[in-house]
Structure formats: structure tokens, C-alpha cells
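Enquirer: Single-letter residue listing:
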Amino acid sequence: MTDEQILSAHTLEEIAEWESRYPPEHKKSALLAALNAAQHQNKGFLTVALMDAVAEKLELSKIEVYEVASFYSMYELNPVGRNNIAVCTNVCCMLMGSDTIVDHLEKKLGIKMGESTEDGRIYLKVEEECLAACAGGPMMQVNHKYYTELTPEKVDEIIDGLD
Amino acid sequence: MSDDQVTFTVDDVELSAPKGSMLIQATDKAGIHIPRFCYHDKLSVAANCRMCLVDVEKAPKPMPACATPIMEGMVVHTKSAKAVEAQKSVMEFLLINHPLDCPICDQGGECELQDLSVAYGGDKSQYTDIKRVVFDKDIGPLIQTELTRCIQCTRCVRFGEEIAGMRELGMTDRGDRAVIGTFIAKSVDSEMSGNVIDICPVGALTAKPSRFTGRAWEMQQHAAVSPHDSVGSNLYIHTLDGKVNRVVPRANESINEVWISDRDRFSYQGLYSDDRATRPMIKLKGEWVETDWNTALQYAIDGLQLVIKENSVNELACWISPNATLEEHYLTQKLIRGLGSNNIDHRLRQTDFTDQSFAPVMPWIGKDIESIERLEAILLVGSHVRKEQPLIAHRFRKAFRHHQVKISAVNPRKFKWRFKTSHELISSAEGMVENLAGIAKAVGADQANVSALISAASVDEGHKAIAEELTTAGEAATIFMGNIAAQHPQFSVLRALSHAIAKQTGATLAYLPEAANTAGAWLAGSVPHRFAGGSKANSTGANISEMLASPKKALITFNIEPEFDVANPAQAMDAMDAADFKIVINNYATEAMKEYADVILPLSAFSETSGTYVNAEGFWQSFKGAVSPLGESRPGWKIIRVLANLMKVDGFDYMSSEDVRNEVKEQCRELQLDNSISVDAPIANISKTDGLQRVGDVSLYSVDSLVRRSTPLQLTKDADHNHAAINSTLAAKLKLEDGDRVSITQSGHCELTDIRIDNALADDCVWLPAAEELSVQMGTTYSPIELEKA
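Same order as they appear, the protein sequences are chains F and H. All the letters of the first sequence, read from the start, carry residue numbers 3 to 165 under our numbering. All the letters of the second sequence, read from the start, carry residue numbers 108 to 897 under our numbering.
Isolated chain F (complex conformation) (with noise of 0.2 Å):
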């Protein structure tokens, strides 16, 4: 198959975009964005095939996309659950009761830190930090979104209004 099969033709216009932004002969510099791209278009995981995909649209060779969606921790390269949770346990929010946080999340879903809900829809990601928002501790990403001053209440809302 060739990436325009695997990569669907968003994805492609996508990464077309980041590519444009970019010198010819640096087509590489887009390839954080072109993964995210691919990550987003098979729900929340990258595969081999996709990668492989996304190194021939940017004509790299494969271990270096490879090398980078193994390197950065906003790649999965496993099967997850579709929305991605990352609660911060870094010093300032641990400071601030991240840990009542993770141990309500992990009790609400019924599974640990680095595990997926079997209907596939959570995944609680482990140890995504620090994500830069001290100041509003403790705090956590979902998805492409932060919600801060978390408090299990405020968990169950926005928990509960996902897809």
C-alpha cells in the first residue's frame, strides 16, 4: 500500500500544510506535526504502518521516524484508549493532591496508570510531565485540552463528557 491509501487524505492535507512552512530540503521539520497528524487519524496510536507512511510522504527513511515517535511520549505506539489522560504527578502537583487525582481516576475506571478502559475509550497515560502549568495544580491534559485546580468532582464532569 501506498501512503496515500493509509494516510487519509485530511492527514495528507495536514501534513502538506506543516511541509509548506518548512525549506524543501527540510522536509523532516515536519515530521513531529506530520505524526501527530497520523496519530490523530487512527484515534489516539500510531502503528508501523503508519509511520512507514508518514516517512515516505516526507521521504525519510523509516528509522528516523521511528527513532522520534519513540523518543517523544505524545506518540503511543500501542493500542490506546481513544482519549488520552495525562495527569501530571510532578513535585508542584503532587504538592497539591495529584496523587487523590490518580487515585480516584484509576478507582472511577477500574484500571491503572498506563492501562486503557476496555470499551477503549480512556487511557490513563503514565507520568506525562511536566506539562508547564504549575501555577494551577494539580492538573491534567485530555487530549489536546488542560483542565487545571482539579478536584475528583470536577474529574467526574469532565470524565463523564467525553466521547
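Rather than coming from a laboratory, the hints here were simulated on the basis of the structure. Be aware that a few hints might be false.
Straight-line distance between alpha carbons at most 20 Å, and here's what the computed PhoX-like set of lysine-lysine pairs gives [stated by the list, open to error]:
{"hint": "1", "chain 1": "F", "residue 1": "Lys30", "chain 2": "H", "residue 2": "Lys527"}
{"hint": "2", "chain 1": "F", "residue 1": "Lys29", "chain 2": "H", "residue 2": "Lys527"}
{"hint": "3", "chain 1": "H", "residue 1": "Lys474", "chain 2": "H", "residue 2": "Lys610"}
Since the model is a prediction, treat every value here as computed from it, not as a measurement.
Mind docking chain H on chain F? Use the hints.
Expert: The following block gives chain H in isolation, referenced to the frame of chain F:
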């Protein structure tokens, strides 16, 4: 002191070095040793191991010597307390996760980490936790991984990116989980991949075939020269208990730098194959018997003399391998000629001999290998240089990385290169002639022997673009004729057209000699029309093509397997059948030989004989035997000498191979090498192929008997040839799909195989390389072939 030099002080010694160079380069040159792992002078600077930290005055902290540019007046201490403390700390860090089990590691005894830990390592570690473990990966038959030993210096990754041009290994994950590997299960397929074994400073990447077979300090090192391609890469053969245990590069900046191809590194695995000939054998009443040398030689001579007496000496012929040494070539042709025949040839894969009497004294690249890096335009004519002469392709790549040299090609297939090409004109054999004529017309060339072709040529955009590149580069352009050109049915036409284009544009006309000693074979007179030194023979003998068309009665083959090594295997085997008496001098005694031969004389391999190879730049490289001849095999020059003595041919009183070499050298003393060819040289007729044409090259792991027997090389992807290929247009026409079984028929022989669809091929061409199991009973490449669904 010029403006480009800066002066600085290292360990109280005043040094000067070019502005902008790194500290470690200057200290290396001055002989001041700074420990390092990730720095390698052929690779980019990564500065990630931190072992080369040194104390620079006025700098707040130790600086890595590999990434610190020297500055005027800089004062550096490499052995001060601050420097040594930094180096020792780095060593402690590196050893945190590295196993301390050198006695069971294959690298032990030749390990950079082991050596430096003796100097910089502590006797105990502050680290008390569990060391990390990284699972090994299978990256193919050549390289063994032991990734727990990896210190993440990334030399292997940078090698892939910068030298091999194939980014196959990478560092995935990060921090304490970072690992070197391919990420997905995959083999490393570069034709130069073995070099990562040498550059790996630890035992993480070691040679799979020789793993755990011996310790570095138990082996003896012998200088040698590659017996496979015309680069003449310098090698060290490491021997153990009188046998070749492994092969590694011997640095020679002007030839192979510090690299060698996998073919040069692992071919030795074929040296001790089961069919190595170790005792002389004769066929008595249809039965093979092993015998002593005297009996075998006498039997050989009696047989030869009988055939010569019953017929004429013109019935004596010799086919000799282009990988034989200069001395073997010289003595063999001297023997054949001493007996009164001129029927000797080493151009076994060539089919067009129309202009042979006008050919240069020897084919060569017309310049030194290093200067290839300075070219501005390259035109490849019939060349798969990446696989044929990998280290020449490496120079092309260097030129490309350095200044984007314009590389174009006229070829039967769009090969996968490790540099970008600007234009590739892909066609059948006659299409290559048309394309070259088109380029000739576009540059405005005219030359007596091809003027009709040039004026009839049609010029398209591709021709114009290549013409423009060559014209712009002028003297900085070179036209390289490769192995495919030499095997082309209209070699003479390609040569004449290339010459015309070179002449018109100021480009150099270069040949990439086909085999390890093609150049030496020409110089030694291993051709039917010339004596050693290129002088005209008293009369012109039969070339290989003529010897195939009208077989001779008595035949000597020197280290070849005709079914693999001759252009037309079907005809070659018929010629063997037609001959009355056949002497085989060979490293191996195969079943096929036992079918056709009368005598088999066991020949010593390249590692067991002294001799000389002449490489593509005309450089004579002599070498000595690394090990004693296996069994009762004997060096070729000695076998021929004794044959000549027994047959009472004069002039074979040599005491050593050096005597022979000196005699050839004397005859080549006056030689002026020149690749130009007369504008009146005759050219071959151009025949149009109706229907399908077979096209192909010779795979890099099929070129000679030794590599064909190297099991690890035969397990690589490059050795996978059990298929034919066509493009999608032809596939549609024949209603074939990728993977379909097809029958292929040529020269009355039919084979069944899988078809692959590959649009790197031109219309109506069927890719089927020579010297493969599939093609050993067929005719020549670049001739008609039949293909249908099986």
C-alpha cells in the same frame, strides 16, 4: 603563520592547526592521545560519550575535545587533575550498565572500552542497582548484536547515515531506555554494513561468522588485497592455526580509506567449502582417482600433447579468470604462447570484440580513485557501480554529499543508488545505444565511426539535460563505463559513443574494470591479440566468443566455473563437451568439473599465494600468502611454471613470484596509459531484438567462485535472485501479476520461477541476472528470451 592557522598549547606543547578544526583532530595529528568512544574521524561529531573531556584554561568546566574548535592562544591540559577526574567519572558512568564480563565477550582483547577502562576505570563502582538488559536483535547473517554491551555512541547510526547512505540502524526510545536497533524486525542490508563491526567501540556489534572462533591476540595479521573488485581494497587477513579466521580492512586513504565492502570482508567463508580441491585428480577410464602431482602433471601434459599432435597447436585454448594474479596471467599466456597458440582470454563475460585491437592497453579509470570526489558531473554507462565496485560508489556518494555532483546514467535498469541521480535513461540494450547517441548529438559530437548513428539519433529532453551537465562540468566530468557496458552486445558502439561525448565535452573516459585484476590481465597479455605490455601479438588468436562458437580440442581453464563465469553458459558447456582434453586448474573441484574435465589440479586460494593485482587506477599491489596452501593445492604461478618446465618451454626459470612480476614490470616500463580510442575503430552492428529481451547484471555475491561459496553472503538479501522481473506494462500485456509462476526459455532451456513486477525496468525487458542457478544453462544476457505464464 598564515591566517588559516591558529596556535594553541596542549600539555605545554605549542601546536598549530587549521582554523575551525576540532581539538581532537589536532591532538591526534600531534600524537597526543585523548580517550574517546563516539568520535571517529570519518564520521560527524556527536559528542555524546563525553569520554574526551579535557581541561581548557578559562573554561568553567571540562570541554569535549571532539566538539571544541581550537582557538588562538587556547591552553589545554589533557592530563591535569581536572581532566583526568572528568574522564574517570565518564568511564564510571559508561560502566554502570555495561556488563563486566569481558572473558565471555567476542570483542575482548580488541575492545576500546576494555582498553580505556584499564586506564580510566575505577576498581569499584558506586552503582549498586541492577544493570539494564537489552534484548539482542537479529539483523541478518553478517552482524551479531549484543546490545546490552552498547554504550550508545551512535557510530553505527552515523555510519549508516553518512557512509553507507542507508539509514538502517537508529537509536529508539530515550534516556535510560534508549536502544540501538532497527525498531522493527529487519536485516541490515547495506553492501558495506560490516564496517559497523570495526567502528563499534564495544562488543555490541561483532562479526557473526567469526564470532567466538578466536581471540584477537591468538591471531596473526597478514596484509592482503581484495580478490573481488577492481578497487583493490586493502585487507588484513587474520589467521588462526594456519587457517583464515576473518578479514578486516587495512587503512589506505587513497584506495579504500578505512572501509571494505561486505563481499571483501566475508567472502573468506567460501575458502574451506567442502568442494575445495586439495589433491590432484585424474580421470582414468571414466573414474576419478586422486593422485600425486607428478602423475597428474604428466597425465595433463601427455593429454595436451596428444591433442596438439593429432590436430594442431591452434586447437589449444585457455580461459582464465580475471581474478587471477598478474603473475598467473603472465605465466599462463607465456605458456600458451610458448606452445605456439594465441588462444587465451580473460574477458569471459564480454561478447563484443569488434574493436579489440583498438582497445586501450588496459581499461582503467583514467585518474586516481581519490580524485573522483572532486568530479562535478558523472555519466554512468552500463554500470551498477554500487554493487559492482562498492567503494567507488562510496566516492561518488562523498562527492554528492560534498557538492551535489551531477550523476546521470544510461542503464538497463533504474538501480537503487545511495546518492541522488539527476537523469537516468533506462532501456533495452539497443536503447542504451540510442540514448548514448542522443547525448552525443546533444553535445554536438561527431566522430567518424559513429557519425551515422549520431546524425540518425533523436534528441529528447533527457539527452539534452545530460549533455548540459557534461558540457558545463567540462574537464571535471567523467564518463564511467561499467561492467554492464563491458558485457553489452554492442560494447564497441558504447565505447565509441562515450569516446565521442568525452572528446566533445572535455570529460574523461573511464572504465571501471570488471574484476579484481582485469587491468592486470590486459597488462600481462591474457588476451588473444596482445602480448604483455600491450604489444601486438604475432598473430591474433581466438577470443572467448570465437572459442565458444568454434570449440577448441584442448582446453585449460584457470579458476573458473564456465557455467557461471562465461557470458554464454549454454555455449560454454557445449564447448567443453566438444573438447577432447580438458585441464582444470581450480580452487574447487565441482560435480560439473568432474563431468567435463580430464585432470583437476588444485589451486591455492588468494590467501595462500603471493601475487599482484592491478586496480582501477593502475596501481600495482603485491601481497604474500597469509597461510600455507590448503592440502596439496599449489599457487598458480608454480603450477604453470612446472607445467612449462615439464613441456620444455623456455624461459620459466623463476625463483619467486617477484621475479615474474619484475619481468612484467619491465615490459610495461614504457607504457603510457590512455583510454582514448581511434575514431576509425570498427563498431559492432546493431541488432534489434524482436519480442522480449533478457537484461541483467551479475549480482555482487555471484561474481566469482569464492563469494558463491560464502554461506553468510548467500543468506543476505542481495543474494536473493530466485526470480525474474518485468515492468507493469509488460505484466499487463502478458496478464501477469506479481508473484505469478512463469516459464522462461532461452537457448532451448526452460526454467520455472516467480515473476516480480518492478517499474525500474524498461518495456519488453526481462530482468534475469547471469551467474545464478536460474540462468546457468541459458545463453547470454541482452539477447532474446521467451516468457509465459506457467
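Enquirer: Hints the structure violates: just list their numbers, smallest first.
Expert: none
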